[in-house]
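Engineer: Taking the hints into account, I'd like the entire structure generated from these sequences.
Under my numbering, think of the first position of the sequence shown as 1, with each following residue one higher.
If you are wondering where the hints come from, they were derived from the structure by calculation, not from laboratory data.
Since the structure is predicted, the reported quantities are computational estimates derived from the model, not experimental observations.
A few of these clues could be false.
[To be verified] Straight-line distance between alpha carbons at most 30 Å, and here's what the computed DSSO-like set of lysine-lysine pairs gives: (1) K65 - K84; (2) K54 - K69; (3) K86 - K69; (4) K54 - K65; (5) K65 - K52; (6) K69 - K80; (7) K50 - K86; (8) K65 - K86; (9) K84 - K54; (10) K65 - K9; (11) K52 - K86; (12) K84 - K69; (13) K9 - K69; (14) K65 - K80; (15) K86 - K54; (16) K69 - K52.
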Amino acid sequence: MNNDKANEKQINIELDDATAEGIYSNLAIINHSASEFVVDFVNIMPGRPKAKVKSRIVLTPQHAKRLMKALGENIQRFEKAHGKIKEFEHPTIPMNFGPTGEA
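Structural biologist: Rendered as structure tokens:
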């Protein structure tokens, strides 16, 4: 009976080859409304006047908070194993860059 309960809690997650390659991003733009958080992942290249959103993730506020917590825990584990992550000066992003925060 224990095996049946354990099997019920497992989720089979599939990852196709294209998704497994990932998408590089060096900027995340986060907006929110009362019901959702929208995270746009962008790849900005120096000297290029335009940058495209490469991926967009839409989360409920509860999932956004869980993601924040999970990222924090993973960063702590990473820094424990590899040393503190160096933070560099934040590049200035024009205020009119990206979508508005309204849904």
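Engineer: For every hint, state whether the structure bears it out.
Structural biologist: Now for the hints, and whether the structure bears them out:
no., hint, in the structure
1, K65 - K84, "23 Å, holds"
2, K54 - K69, "24 Å, holds"
3, K86 - K69, "20 Å, holds"
4, K54 - K65, "23 Å, holds"
5, K65 - K52, "26 Å, holds"
6, K69 - K80, "17 Å, holds"
7, K50 - K86, "27 Å, holds"
8, K65 - K86, "24 Å, holds"
9, K84 - K54, "28 Å, holds"
10, K65 - K9, "22 Å, holds"
11, K52 - K86, "26 Å, holds"
12, K84 - K69, "18 Å, holds"
13, K9 - K69, "22 Å, holds"
14, K65 - K80, "23 Å, holds"
15, K86 - K54, "25 Å, holds"
16, K69 - K52, "28 Å, holds"
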